[in-house]
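Undergrad: These are the residues of each chain, in order.
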Amino acid sequence: MEIMRLVVTGPVGAGKSTFIRSVSEIAVVDTDRRATDETALLKQKTTVAFDFGRLSFGPEMALHLYGTPGQSRFDFMWDILIQKAHAYILLVAAHRPSEFIEARRIRAFMRQRSPVPMIIGLTHMDVPEAWDLENAAIALGYLSTNKRPPIIAVDPTQTTSVAQAVITLVQHSMQAHLMPLS
Amino acid sequence: MAVTGYLSEFALAELFNFLEQGNKTGLLTLCKLSDDQLQYRENHYIWFNQGRIVAAANRLDQHGLAYMIGQRGWLGEHTALRVAQTCDVSTPIGLSLKNQGLLTVEQLKLLFYTQVMRQVCTLFALKDAWFQFDCKAPLPFAEMTGLNAPATEVTLAALRVLKDWSALANKLPEPTSAVMSIIEGKPQQKLNQTEWQLWEFAKGTISLQEIAQQLQLPLEKVQQIAFRLVTAGLVEEVPLVTVITAHPKPEPLPMESAVPEATMLSHSFLHNLVGFLKGKV
Ligand SMILES: Nc1nc2c(ncn2[C@@H]2O[C@H](COP(=O)(O)OP(=O)(O)OP(=O)(O)O)[C@@H](O)[C@H]2O)c(=O)[nH]1
Ligand SMILES: [Mg+2]
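Protein chains in written order, with this note's numbering: chain P, 1 to 182; chain W, 1001 to 1281.
Treat the hints as calculated values from the structure; they're not laboratory data. In this text the structure is predicted, and so the values were computed from the model without any measurement. Among the clues, some could well be false.
Here are the simulated BS3-like cross-link-like pairs (lysine-lysine), alpha carbons at most 25 Å apart as the crow flies [said to hold, decoys possible]: (1) W/Lys-1024 - W/Lys-1136; (2) W/Lys-1098 - W/Lys-1127; (3) W/Lys-1171 - W/Lys-1024; (4) W/Lys-1221 - W/Lys-1127; (5) W/Lys-1163 - W/Lys-1203; (6) W/Lys-1186 - P/Lys-147; (7) W/Lys-1203 - W/Lys-1109; (8) P/Lys-147 - W/Lys-1109; (9) W/Lys-1203 - P/Lys-147.
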């Protein structure tokens, strides 16, 4: 059995659970619970454990998707998962600049713990307050277009959009394997 | 596209970092939100040229600098305005006045300090305001001394003297996080002593908590210094894996043993996967 493991990470409410639900063939284990404290202001339910989704595309071939929990801090579970992931996508809600700082934090954590390829998916781009892609990229600390990972718009509520994002991630990681980035 | 929002969501320090890193040119408008007395609503304007602050005012009639010059008795306000009207429309008025021998370089520096450094620093104390950055706004040559400052230099100066940090409480780096340099070599900015001390730790390995102990500084102070270095574009916050002290050796989760190590995937696997996904697009 050959399995590719992708981690879907990002700040609270970025769309991680929705993303995984949109492509998973199995019902995603629902670990969403009523949010506490600050998160409750943003949304009613948040993921308290890792989301898991699966996509089989051959008798011996599958894609596994792991979504990081929204509220939790960076504990050993995160570490275990990213050590085992082949690539990851960082989802960032483009209409919530208050979370950009958290997105940068998560990215720094991931980069420190794992060298695997990553891409950035900007969600909520359909919301009027959303920052455009170029400005969001700068706010996330990417200053030049040639020295950054692929940054794409993705709508986690749309299966086609999520499939496209996963293709981008897989293709990016294929390239990264051919040409290891520093 | 105009960038808009609220300072309670995207702090002035973050905004300045964004404008500097993005080399932005245009006008930043801050609109105070005073809910009780709407008629006293006051706006602040800060002009940027390629990420550097070139002027600030609380009016848009371009008379702010001339008024300041008049107030100091260096030149009549009207004379200054007349010079502004007659001189080249693409030259900062400060330069014109200097070239005509009407103001000295020292006087221009004082004007810039009052107009930009002092005025903008006070804005960091705002708990909230609506902001808009308009990259189409022209530069206000009649408000410009000809001097400028990198936006993050103003941030550093402003945050050093900020007393009330409550509005930034949830933006501060976590006590359990480390900081790591994101620049090559040493900072170009002038740092103060404690900033240099923290800079020495910017290797992404030691938590702010431990740094505070080693430097014998209050944790809160160290978090604030770290935030300054972050918004100055010098370091990034790196969360460290939180060790659960109650269980030094956590029991392995079912997932842990179930998930094998990441192995190299075959090309045929990846091509099949992409092909399968393309069927869903
Ligand atoms: N309009 C719009 N809504 C979206 C988009 N992406 C996600 N959502 C919605 O945003 C809400 C939050 O999505 P979740 O998938 O729960 O986010 P999450 O990242 O799993 O959140 P936590 O588990 O709390 O961290 C849901 O109501 C989604 O339907 C998008 O691109 N556009
Ligand atoms: Mg979730």
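Undergrad: Evaluate each hint against the coordinates.
TA: Against the structure, the hints:
For a cut-off of 25 Å, the pair hint linking W/Lys-1024 to W/Lys-1136 stands: about 10 Å separates their Cα positions. In summary, the hint linking W/Lys-1098 to W/Lys-1127 is not supported, as the alpha carbons are separated by about 38 Å, beyond the 25 Å threshold. Under the criterion of a C-alpha separation no larger than 25 Å, the hint pairing W/Lys-1171 with W/Lys-1024 is consistent with the structure, at around 23 Å. Between the alpha carbons of W/Lys-1221 and W/Lys-1127 the distance comes to roughly 20 Å, so the proposed pair stays at or under 25 Å and holds.
Simply put, W/Lys-1163 and W/Lys-1203 have alpha-carbon atoms about 28 Å apart, too far for the 25 Å limit, and the pair is violated. Using a Cα cut-off of 25 Å, the hinted pair W/Lys-1186 and P/Lys-147 holds, with the two alpha carbons roughly 21 Å apart. Between W/Lys-1203 and W/Lys-1109, the direct Cα distance comes to roughly 37 Å. Violation of the 25 Å bound is thereby established for this hinted pair. Annotation: proposed proximity of P/Lys-147 to W/Lys-1109 is violated, straight-line Cα distance about 38 Å (limit 25 Å).
Distance check on the hinted pair: W/Lys-1203 and P/Lys-147 sit about 22 Å apart at the alpha-carbon level, within 25 Å; holds.
Checked against the numbered hints given earlier, the structure breaks hints 2, 5, 7 and 8 and satisfies all the rest.
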